[in-house]
Each structure stands twice: as C-alpha cells, then as structure tokens.
Amino acid sequence: MFPKMRRVVTGHNEKGRSVVMIDGPPPHSVGREEGGLFEIWNTDGNPVDSTDPQTG
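Here the sequence shown is numbered in my numbering, starting from 1 and rising by one per residue.
Heads up, some of the hints might be wrong.
Claimed, not checked - The calculated label-pair distances, taken between Cβ atoms and stated as ranges, are:
{"hint": "1", "residue 1": "Gly16", "residue 2": "Gly36", "range": "22 to 28 Å"}
{"hint": "2", "residue 1": "Gly36", "residue 2": "Val8", "range": "27 to 33 Å"}
{"hint": "3", "residue 1": "Gly31", "residue 2": "Thr51", "range": "33 to 39 Å"}
{"hint": "4", "residue 1": "Val19", "residue 2": "Glu39", "range": "18 to 24 Å"}
No lab work stands behind these hints, which were simulated from the structure alone.
We put the CB at the ideal spot given by N, CA and C, even for glycine.
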C-alpha cells in the first residue's frame, strides 16, 4: 500500500519569515488511493503574481 498523497505549500508571514501555509491532502483527486491523478496546484492564468498570498 502506498502512503497517502500530501501537499506542503510554504509562504512568508508579515515579518518575511518562511511559514507552512498548507499541509494536507491535495484538494482534488481522481482514482483510488493506490493510484490516480492528484491536482497539486492550479492557476487562473499566466503570468502568476508569486507575491500574492492567495495565488502565489
């Protein structure tokens, strides 16, 4: 049996220090636990503003 998929996303707090923003399963998946497709990240378009805490 495979371990469950885990997504860890880092960012910066108001003091500029690195923090973990998301630590958990991907928001969307298709298939079974032992195999399938996992959406790790998506965007609404390009270029992406990497300084925006919601989309970056």
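Against the structure, the hints come out as follows:
no., hint, result
1, Gly16 / Gly36: 22 to 28 Å, "violated, 37 Å"
2, Gly36 / Val8: 27 to 33 Å, "violated, 19 Å"
3, Gly31 / Thr51: 33 to 39 Å, "holds, 34 Å"
4, Val19 / Glu39: 18 to 24 Å, "holds, 23 Å"
Checked against the numbered hints given earlier, this structure breaks hints 1 and 2; the rest are met.
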